Each structure stands twice: as structure tokens, then as C-alpha cells.
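Colleague: Chains as they are written, first to last, in the numbering used here: chain A, 207 to 744; chain B, 118 to 587.
A hint or two may mislead.
[Unchecked claim] So, partial list: chain B residues that the calculated Cβ filter (under 8 Å) puts toward chain A:
{"hint": "1", "residue": "Ser329"}
{"hint": "2", "residue": "Trp392"}
{"hint": "3", "residue": "Ile496"}
[Unchecked claim] To list a few chain B residues with every Cβ distance to chain A over 12 Å, as calculated:
{"hint": "4", "residue": "Pro166"}
{"hint": "5", "residue": "Ile178"}
{"hint": "6", "residue": "Gly206"}
{"hint": "7", "residue": "Lys548"}
Because the hints were derived from the structure by calculation, they are not lab data. Everything numeric in this text was worked out from a predicted model, so none of it was measured. All C-beta atoms, glycine included, are put in the ideal place defined by N, C-alpha and C.
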Amino acid sequence: MLILLPVGLLLLGSLAIFVLDLTHPKFGSSWLIAVVAGIAAWVVIFYSRLQLPTLLDLGTWQAPELNLNGHFSLLLDYQSWPYALALVTILLAMVFTDAARTRYDSSPRAWSASLVVTALGLFAIQSGTSLTMMMAWVLIDVLELFHLLRLQETARFNLRMIISFGVRMASILLLFFGTMLGWASAGDFDLTQIPTRAGFIFLVAAGLRLGVFPLNMPFLQEPVLRRGAGNIIRMTPVAASLSLLARLPADLITPELKPWLPLMMGLLTLAALYAASRWLSAVDEVNGRPYWIVAWASLAVASVLNGVPQSSIPWGIALILPGSLLFLYYPRIQRINFLLLLGLIGILGLPYTQAASGWAGLVGNGFSVWTFLLIIAHGMMVLGYLEQALKPGGEAGALESWARLVYPLGLILIIQAMVALGLVGWPGAFTPGVWWLGLISNALIVAVLLLIRRFGVIAPYFQLPTSSRIRTVSDWVLPRIEPVFRLEWLYRVAWRLYHSLGKILKLFSSIMEGEGGILWTALILVLLIALFTGMGVN
Amino acid sequence: MTLSTPIIWVVFPLLVAAICAALSTRRILSLIIASTAAFGLALLAAFMPENLTLSLGPLTILVEESLAFLGRQITLTYAILPFIAFTYGTTGLWLLSSNLPGVPVAFRSISLVITASLTAALGVEPFLYAALLIQTAVLVSVPVLASPGAGSERGVLRYLGLMTIAMPFILIAGWLLTGVVILPPESPLIGQSAIVLGLGFALWLAVFPFHSWVPMVSQRGHPTVISYLLFIIPTTILVFGLNFLNRHAFLRTSETIFSIIRTIGVMMIVFGGVWTSVQDHLKRAFGFSVLVETGFSLLAIGLATSGGLKWLLMLFPVRALGYWLWGYTLARLEHRCGSLEMGEIQGFGRRLPILSAGLFLAQMSVAGLPLLASFPIKIALLSQAVVEGTTIGVLSFVGTLGLFLFSIRLLMNLLQPIDIEDTQFWFLEEKVSQFLPVILMLVALVAFGLFPGFFTSGMTSILTAFPQLQ
Numbered sequence: 207m208l209i210l211l212p213v214g215l216l217l218l219g220s221l222a223i224f225v226l227d228l229t230h231p232k233f234g235s236s237w238l239i240a241v242v243a244g245i246a247a248w249v250v251i252f253y254s255r256l257q258l259p260t261l262l263d264l265g266t267w268q269a270p271e272l273n274l275n276g277h278f279s280l281l282l283d284y285q286s287w288p289y290a291l292a293l294v295t296i297l298l299a300m301v302f303t304d305a306a307r308t309r310y311d312s313s314p315r316a317w318s319a320s321l322v323v324t325a326l327g328l329f330a331i332q333s334g335t336s337l338t339m340m341m342a343w344v345l346i347d348v349l350e351l352f353h354l355l356r357l358q359e360t361a362r363f364n365l366r367m368i369i370s371f372g373v374r375m376a377s378i379l380l381l382f383f384g385t386m387l388g389w390a391s392a393g394d395f396d397l398t399q400i401p402t403r404a405g406f407i408f409l410v411a412a413g414l415r416l417g418v419f420p421l422n423m424p425f426l427q428e429p430v431l432r433r434g435a436g437n438i439i440r441m442t443p444v445a446a447s448l449s450l451l452a453r454l455p456a457d458l459i460t461p462e463l464k465p466w467l468p469l470m471m472g473l474l475t476l477a478a479l480y481a482a483s484r485w486l487s488a489v490d491e492v493n494g495r496p497y498w499i500v501a502w503a504s505l506a507v508a509s510v511l512n513g514v515p516q517s518s519i520p521w522g523i524a525l526i527l528p529g530s531l532l533f534l535y536y537p538r539i540q541r542i543n544f545l546l547l548l549g550l551i552g553i554l555g556l557p558y559t560q561a562a563s564g565w566a567g568l569v570g571n572g573f574s575v576w577t578f579l580l581i582i583a584h585g586m587m588v589l590g591y592l593e594q595a596l597k598p599g600g601e602a603g604a605l606e607s608w609a610r611l612v613y614p615l616g617l618i619l620i621i622q623a624m625v626a627l628g629l630v631g632w633p634g635a636f637t638p639g640v641w642w643l644g645l646i647s648n649a650l651i652v653a654v655l656l657l658i659r660r661f662g663v664i665a666p667y668f669q670l671p672t673s674s675r676i677r678t679v680s681d682w683v684l685p686r687i688e689p690v691f692r693l694e695w696l697y698r699v700a701w702r703l704y705h706s707l708g709k710i711l712k713l714f715s716s717i718m719e720g721e722g723g724i725l726w727t728a729l730i731l732v733l734l735i736a737l738f739t740g741m742g743v744n
Numbered sequence: 118m119t120l121s122t123p124i125i126w127v128v129f130p131l132l133v134a135a136i137c138a139a140l141s142t143r144r145i146l147s148l149i150i151a152s153t154a155a156f157g158l159a160l161l162a163a164f165m166p167e168n169l170t171l172s173l174g175p176l177t178i179l180v181e182e183s184l185a186f187l188g189r190q191i192t193l194t195y196a197i198l199p200f201i202a203f204t205y206g207t208t209g210l211w212l213l214s215s216n217l218p219g220v221p222v223a224f225r226s227i228s229l230v231i232t233a234s235l236t237a238a239l240g241v242e243p244f245l246y247a248a249l250l251i252q253t254a255v256l257v258s259v260p261v262l263a264s265p266g267a268g269s270e271r272g273v274l275r276y277l278g279l280m281t282i283a284m285p286f287i288l289i290a291g292w293l294l295t296g297v298v299i300l301p302p303e304s305p306l307i308g309q310s311a312i313v314l315g316l317g318f319a320l321w322l323a324v325f326p327f328h329s330w331v332p333m334v335s336q337r338g339h340p341t342v343i344s345y346l347l348f349i350i351p352t353t354i355l356v357f358g359l360n361f362l363n364r365h366a367f368l369r370t371s372e373t374i375f376s377i378i379r380t381i382g383v384m385m386i387v388f389g390g391v392w393t394s395v396q397d398h399l400k401r402a403f404g405f406s407v408l409v410e411t412g413f414s415l416l417a418i419g420l421a422t423s424g425g426l427k428w429l430l431m432l433f434p435v436r437a438l439g440y441w442l443w444g445y446t447l448a449r450l451e452h453r454c455g456s457l458e459m460g461e462i463q464g465f466g467r468r469l470p471i472l473s474a475g476l477f478l479a480q481m482s483v484a485g486l487p488l489l490a491s492f493p494i495k496i497a498l499l500s501q502a503v504v505e506g507t508t509i510g511v512l513s514f515v516g517t518l519g520l521f522l523f524s525i526r527l528l529m530n531l532l533q534p535i536d537i538e539d540t541q542f543w544f545l546e547e548k549v550s551q552f553l554p555v556i557l558m559l560v561a562l563v564a565f566g567l568f569p570g571f572f573t574s575g576m577t578s579i580l581t582a583f584p585q586l587q
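Given only the sequences and the hints, what does the whole structure look like? Please build it.
Modeller: Okay, here's the thing in C-alpha cells:
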């Protein structure tokens with residue numbers, strides 16, 4: 207029952223805030239409830255590290271008289287625990303830092319929604335079977351859609367939102383399909399023993415959901431709810447997908463799929479490079495958030511394709527924790543800007559830091575051109591992070607006294623979670639890793655920093671001056687080649703094909719439903735009989 | 118005194134139908150009478166003990182299973198009562214929504230007549246007469262389909278024509294099958310009788326290429342009426358079809374026949390799914406989705422040797438809930454929007470959010486979205502289809518995507534105003550009485566999706582009526 211306790215605590219907290227907000231709206235009391243629920247859930251999850259793995263059976267559909275398959279369970283193990291801790295950490299950090307955003311987007315309703323979303327996220331992360339995960343994904347997606355629709359956004363944004371929902375649905379259907387194939391080959395299974403036949407489909411499901419495989423980015427802009435609850439709502443589905451990656455089998459790429467591996471790695475690397483470059487050039491961290499997610503997720507997926515799914519965890523955690531450190535850091539306060547630099551611990555990949563064990567996933571069975579390109583993507587991500595981290599901040603005077611205390615506390619919480627995960631997050635977390643890859647990447651970063659300094663560019667503004675000729679050329683070229691990288695042209699072609707198919711089918715329907723429809727029916731019947739007879743059906 | 122099950126579930130509903138017809142101008146009263154009768158009959162069928170004898174003072178009422186009628190016999194055994202409970206329960210459900218604007222006044226009485234005719238069809242002896250009773254149900258349904266001025270005549274004529282053509286096929290097949298028992302296995306008559314029977318059922322179930330009436334009727338008819346008819350008639354025909362498998366060993370032991378049924382089922386799922394995905398009219402999409410569901414039923418029968426008949430029966434209640442909600446929300450939306458063309462409903466989701474959500478989730482439930490009612494059964498069915506052949510399984514899965522794609526398009530249109538740069542606001546225009554049924558049904562769909570065993574296991578007991586198929 208330890209697994210369910212954090213979920214229950216968060217739901218209880220959410221309900222309490224919701225009821226309180228309906229009856230006696232009190233900002234402070236609601237905030238306190240959110241903090242207490244968050245801390246309690248965090249403590250339980252942290253404590254459960256001592257009892258890994260923990261399994262809880264929730265029920266089964268199997269019964270001889272029904273002929274149904276499948277069961278529900280929750281599993282907290284070395285694959286899911288880091289994500290569970292990371293998710294509750296950013297929730298708690300969100301509530302703490304929201305104290306400083308009372309003039310912006312923090313509200314009891316937003317905390318209530320965040321607690322529910324996090325509870326569902328925990329449910330998804332801890333899913334022991336694909337059936338449980340499907341249910342959790344559906345709940346998260348429907349809730350997210352509902353929440354985003356409530357924001358008074360423009361129709362154009364809403365359209366992108368529904369497309370995004372459609373992509374999520376597609377990922378759920380892929381999970382459905384994979385489960386179907388898995389059951390057909392191995393009967394009912396849990397996520398610790400995913401059949402190879404289902405594994406690749408699960409990878410595509412998670413990749414699609416993360417927007418990397420194939421690259422898809424329905425959101426080119428972020429909704430109005432951007433920082434506090436907005437961050438939780440963006441990160442929870444991501445964490446739920448990443449936890450599936452960590453559970454995929456190492457022998458995912460079967461001999462039949464081997465010839466397709468270069469294409470898959472190529473698409474993935476393209477996604478990583480494109481997203482990293484956009485992150486590097488993003489106006490601010492929130493505008494760059496979709497690219498941040500895609501780039502780190504690409505590294506996680508690459509680890510799985512290279513046969514080292516365990517290495518997807520450090521990249522996944524790099525996505526969630528240091529990312530949230532940036533996204534929750536608002537308003538910026540000059541005196542605590544240094545905290546953002548501590549977030550580098552989670553992404554640099556230096557030996558014995560949290561991301562060090564991720565390099566093994568990029569190198570896989572040997573160093574290749576893909577490894578090199580992914581290292582470049584990693585370097586760009588770090589540079590982009592540095593750019594955002596080094597931006598100047600304001601004064602703390604505008605904050606209330608209690609907010610001045612808890613605001614940095616939220617950020618410190620994220621940093622200490624990074625350190626804790628780097629030490630004891632999963633077996634082999636505290637490791638030098640493939641240290642020379644980290645060295646190459648960090649050397650590249652330093653080289654770039656030195657190089658751009660020679661061009662007169664200094665941190666935090668890594669972009670070239672507007673007067674620069676290279677900048678002029680890139681400003682003209684980049685917007686034109688961007689749609690190519692985003693693969694939107696491919697989706698447009700598919701959409702047109704679908705419309706053409708629709709036209710043909712509608713024409714066929716109008717013939718069948720027209721005056722001569724019965725004659726057409728008779729003709730088709732004769733043709734079908736002739737076809738079946740020709741196929742040997744007597 | 119002797120009472121019989123056919124008197125209770127065939128004659129009595131006909132009487133109630135006559136009363137409802139007489140009281141047709143008093144809508145509320147006839148609604149209460151019809152739905153109370155339907156639910157009462159459903160409860161009675163569900164809980165009636167075997168060999169019931171009622172003693173009321175000096176009067177002793179013995180309930181028998183048979184009733185002689187014009188030299189024929191209608192026998193409703195206790196084993197088939199769960200199915201009868203189900204059909205009357207679902208009829209009652211549709212009757213509850215018969216007060217929606219636009220539902221023909223005659224729907225109450227006609228739906229009871231249809232259910233009574235179909236119930237009689239399940240128990241008539243010689244069982245060939247079932248074809249006549251099913252034809253009666255079809256004929257009786259015409260007045261509620263052909264609403265004046267709706268332009269539905271052509272579709273209804275097509276429906277009537279094809280369903281009527283089916284009847285002689287079934288009668289001839291039945292006649293041929295009586296002699297098949299004594300024929301040697303290599304006799305060509307066996308194959309011929311199976312083909313004739315298959316054609317009859319294909320016509321009844323609107324199997325491609327006999328499907329054209331379904332979207333035609335569906336587009337012009339009232340959603341409540343259409344959803345009821347497209348549920349109750351195919352469902353009863355499918356159960357009636359089990360009779361043939363139960364009676365004739367050569368049918369139930371022939372792997373070829375099951376393989377053909379599977380292939381036709383997959384074909385229906387794929388064609389129906391692809392057609393659904395490209396529809397621009399919400400009611401036509403419903404019609405094509407019905408074809409997909411027929412495909413799933415055939416696929417389940419085709420997998421009978423692997424327990425497919427259980428899935429077939431378990432799909433009935435979840436389908437009923439999905440169709441009901443689909444029909445209800447379509448009826449409400451049509452009343453508010455005037456037209457159910459995709460282009461005409463743009464932005465209505467912001468004015469009628471719960472009805473829109475109900476429509477979307479009804480479609481998703483029928484399609485098999487996890488957490489909703491059809492999912493547990495469909496995933497089991499599809500995984501077994503993969504076991505039988507990867508192509509069959511994959512194609513069936515692809516077919517199911519059609520409704521998902523259509524639903525996403527629907528969602529886009531419901532939430533999309535004509536001016537794309539406008540900021541979106543919500544204007545709730547729904548009344549509690551309008552959306553409460555939607556919410557209750559959504560709760561039911563989720564409950565069925567989470568606990569399929571609890572809610573649908575009763576349906577599998579119907580198989581006891583077909584001892585050879587258990």
C-alpha cells in the first residue's frame with residue numbers, strides 16, 4: 207500500500223483545496239495544504255527507496271468464464287522510482303516557488319489541478335502493466351485537454367492543442383496495439399518482462415508521445431499558463447512516457463528491425479539537433495520548453511535504441527529536474543541566480559554526477575556518427591541552459607517576506623533531488639560513466655564559449671549581433687528550412703492523401719447509394735464471388 | 118391457470134404497444150407506460166426462477182415455456198431469458214429518450230412491437246418462421262424511419278428491399294438444411310446451403326456490398342430511432358444465427374466457414390473504419406461505425422473456437438450503452454444545431470460542452486478507448502485475432518482507427534469557430550435535464566470499462582441456450 211499512499215495523499219490534498227476554495231477561499235490555507243500534501247508524498251516516496259521493488263496488485267480481468275485478459279498493478283522499482291521522486295519534487299518546488307508568483311498564475315485551483323495531475327502521473331509512472339499505463343495515460347491526457355481548454359486561448363492555439371491530443375491518442379493506441387501483440391505472443395505480461403514483439407511498438411508509443419519519434423511538435427507556442435501549474439502539466443505526461451522507455455527490453459531491435467536502425471537513429475538525431483538548435487536560439491526558457499523536452503527525450507530514446515534502456519533514466523531526469531529549475535525560476539532574482547548554475551550538475555554528464563550514466567546509452571555498441579551528432583546536440587543544450595541561467599535578475603524586494611524564504615527553498619529542493627538521484631537513484635547511478643564522452647562534450651562546450659568570445663559574443667547572449675553577416679544569412683535560411691526539420695510537410699502530405707482517399711470513398715458511396723445502387727451491389731457481389739472462387743474457396 | 122413465457126414477453130408487450138398507440142397524444146403517460154413495461158419485463162426475465170408456480174389464494178398460476186399459435190409453437194426457454202432481459206432492458210433505455218424532440222410519436226409502440234417480434238423469432242418452432250418474424254420487425258420499423266419531408270424514402274426502400282430479399286434466402290437455406298443431416302460430407306448441397314444461408318445473413322447484417330442502406334437511413338432518420346434499430350435488429354439476428362451453429366454440426370465444425378466469417382468480419386471492420394474516418398456527416402459516420410461493429414461481431418463468431426462467442430455476447434451491453442449515448446447526444450445536438458454536417462457544428466462544443474463531450478466519449482467507447490466500456494473485450498478479441506493470423510489482427514486494429522480519426526476531427530470542429538484568431542470563450546447553454554443522462558451514461562461506460570467481468574458476465578450465460586456451442 208506504500209505505493210498508493212503518495213497518490214492518495216495528493217488526491218486528498220487536491221480535494222481539500224478544491225472544497226476550501228469553493229466554500230471559504232483562502233490563499234494561505236490552500237497553499238499550506240498543497241505544501242503538506244506535497245511534503246508527505248515526497249517523504250513517502252523517498253522512504254520507499256529502501257523497499258524497492260514494491261509491487262501492488264490492483265485487480266485482474268482474467269476469469270475463465272469471461273475469456274478476458276490483463277491485470278492491473280503498480281510497481282515501484284529502480285526504473286520508476288527516480289521519475290516518481292522527480293515528479294513529486296517538481297510539484298513541491300512548484301508550490302514553494304508559486305509563493306513568489308501570486309501576481310501571475312498561482313492560484314488554489316491551479317494547485318488543486320497540479321496535485322491531481324501529479325497523482326495521475328505517479329500512477330502512470332508506477333504502472334506495472336501496459337493496461338494500467340494505458341488507463342493512466344488516458345486520464346492524464348483527458349485531464350490535460352480539459353484543463354487547457356478552460357484557458358481562454360485563441361482558436362489557433364486550441365487547434366494545436368487538439369492536434370496534440372490526437373497525437374497522444376495515437377500513442378495510447380500504439381500502446382494498445384503493442385499490448386495486443388504482446389498478449390498474442392506471450393499471454394498476459396507485466397512491464398518488467400515486455401515481449402520483444404511489443405517492445406518496439408511501446409518505444410514508438412513513448413517516442414510519439416514525447417514528440418521525438420517521429421518528430422512532432424504540435425505546440426509551437428506555450429499556453430498562457432506557463433510557469434507553475436503549466437510546468438507540471440507539461441512535465442507529467444513526459445515523465446509518464448519516460449518511465450516506459452526505462453522498462454523496455456534491451457534486445458528491442460530484432461534482426462528484422464536491424465536494417466531500419468540507421469533510419470531510426472537518423473530521424474532521432476535530426477530531432478535532437480533541430481530541437482537543441484531551437485533551444486539555443488529560444489527567446490526565453492518557457493518559449494524554448496517544447497524544444498528542451500524534445501532534445502533530452504531524443505537522447506533517452508537513443509539510449510533505448512542502442513540497447514541500454516537504463517541509460518534513458520539520467521537523460522529523462524535531466525529533462526525534468528534541471529528543466530523545471532529553469533522553468534520555475536520566475537521572477538528572476540539576481541541574488542539567487544547562482545542556483546541555476548547548480549542545475550548544470552544534472553546535465554553536464556561529468557563523472558559521478560547524475561547524467562554520467564547516460565553516456566553509455568549514446569555510445570551503445572560502439573562510437574558512431576550518431577553518437578558524435580548527439581554529443582553536439584548535448585553541447586547545444588548545455589549552452590542554451592547557460593544562456594538562460596546567466597540572464598540578469600531583479601531585486602527580491604518585491605516579494606513578501608515568507609515568499610523570500612520559500613521561493614529559493616523550492617529551487618534548492620530540485621538541486622538536492624538531482625544530487626540524491628546522482629548518488630542513489632538507480633543501480634550504477636554513481637559512476638564515472640563513459641567519462642571520455644562527457645569530456646568530449648564538455649570540451650566542445652568550452653571551445654564554443656571561447657570561440658564565440660572571439661566574435662565578440664559573451665554570455666548570456668550567445669546569439670550573434672544583428673549586424674553580423676552570418677546572422678543575416680541564418681535569419682533568412684532558418685525559417686525556410688525549419689518546416690523541413692519539423693516534418694510538418696510530411697504530415698501535410700499525409701493529410702492530403704487522406705483527403706484524396708476521402709473524396710474517392712465518397713464518390714464510391716454516392717454510386718452505391720444512387721439510383722443504380724442495387725445493380726452495383728449485384729455486380730460487386732458477383733465480382734467478390736468470382737474473386738473468392740479464384741482464390742480457391744469452393 | 119397456465120401462463121407461458123411467450124405470453125409474458127411477446128403477447129403482453131404487444132398489448133402495451135397497443136395501449137401506447139391509443140395514448141400516443143399523451144406523451145408523458147405513454148412514455149411512462151412503455152418504459153415501465155419494458156423495464157418490468159426485463160427485470161422479470163432477469164430474476165424469474167425456473168418452473169415458477171404462483172399461488173394467489175385458490176388460484177395457482179403455472180408458468181410454462183411454450184405457447185401454441187396457429188399450429189406453430191413459440192418456446193422461450195429459461196436459458197434464453199437473460200437475453201430477453203437484455204433486449205427489454207435496452208428497449209426501456211431507448212424508450213426513456215423517446216421524449217426527445219423529433220422522435221416519432223409511434224416510436225414507443227413500434228419499439229415494443231419490434232422487441233416482441235424479435236423475441237418471438239428467437240423461440241419460434243419450426244425455427245424457420247423466425248425469418249418471417251424478423252421481417253415483421255423490419256416492416257413495423259418503416260413508419261418510424263420514413264419521417265415525412267426528411268427525404269428518407271430512398272434509403273428506407275433500399276433497407277426494406279434488401280431485408281426482404283434476405284428472408285427467402287433464409288427460408289431456402291432452412292429448407293436445404295433439413296436434408297443436410299443425412300447427406301454425406303462431400304455432398305455439394307452442404308456447401309450450397311451454407312452459401313445461401315450466408316447470403317441471407319449477409320443481407321440481414323448489411324455486410325458489404327449490401328450495406329448501402331445503413332448510411333442512407335442513418336443520415337435521414339432520427340438518431341434515437343436509428344441507434345435503436347441498428348442495435349436491436351443486428352443483435353437479435355446474431356443471436357438467432359447462433360441457432361444455426363448450434364443445430365448443424367457441419368457448420369460449427371467447419372474451419373473453412375469460421376475462416377470465411379473471420380475474413381468477412383475483418384473486411385467489414387476495415388471498410389467501415391476507413392469510411393467512418395472520411396465522413397463529414399455525424400449521422401452517416403454513426404451508420405458506418407455500425408458496420409464496423411457488425412464486423413467485430415463476425416470476427417468474434419469467426420473466433421468461436423477460441424471463446425469468441427463469449428466476446429460476441431459481452432459486446433452487446435457495452436455496444437448498447439455506446440449507441441444509446443451516441444444517439445442521445447446526436448439527437449440533442451441536431452435539435453440545437455439544425456444540421457449535423459461537420460461544417461455546421463463548428464464551435465458548438467463551447468456552447469454545449471457536456472453534450473459534445475458525451476458524443477465524443479460515446480464514439481471513443483464504441484471505438485475501444487482504454488478506460489471505456491468496449492476496451493476490455495475488444496483488446497481480448499483483437500489479440501486473439503493476432504493469434505489466428507497477424508494480418509487479420511493488424512487489419513482489424515487498423516479498421517478501429519477510423520472511428521478514432523473521425524472523433525478527433527469531430528473534436529476539432531466542435532471546438533473550432535470560423536474565425537481562427539478569435540479568443541475562445543465558453544457559453545454554457547445546457548440544462549441539467551439535458552446533460553444528466555450523459556453524465557450518468559459516462560459513469561456507466563467507465564464502470565463497464567473498469568469492471569467488465571462484473572457487468573457483462575451475465576451475458577455469457579446466454580450460451581447455455583445453445584448447448585453445442587458452450
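Colleague: Each of the hints needs a verdict: does it hold here or not?
Modeller: Hint check results:
Interface restraint check for Ser329(B): the shortest CB-CB distance to chain A comes to about 4 Å, inside 8 Å, so the restraint holds. This hint holds: Trp392(B) has a C-beta 6 Å from the nearest C-beta of chain A, less than the 8 Å allowed. The closest approach between the C-beta of Ile496(B) and any C-beta of chain A is roughly 6 Å, which is under the 8 Å cut-off, so the hint is satisfied. Every Cβ of chain A is farther than 12 Å from the Cβ of Pro166(B); the closest lies at roughly 21 Å, confirming the non-interface assignment.
No Cβ of chain A approaches the Cβ of Ile178(B) within 12 Å, the least distance being about 34 Å, so the stated non-interface status holds. Here Gly206(B) stays apart from chain A, with its beta-carbon at least about 20 Å from theirs, past the 12 Å limit. Annotated as non-interface, Lys548(B) keeps its C-beta farther than 12 Å from every C-beta of chain A; the closest such distance is 21 Å.
The structure meets every hint from the earlier list without exception.
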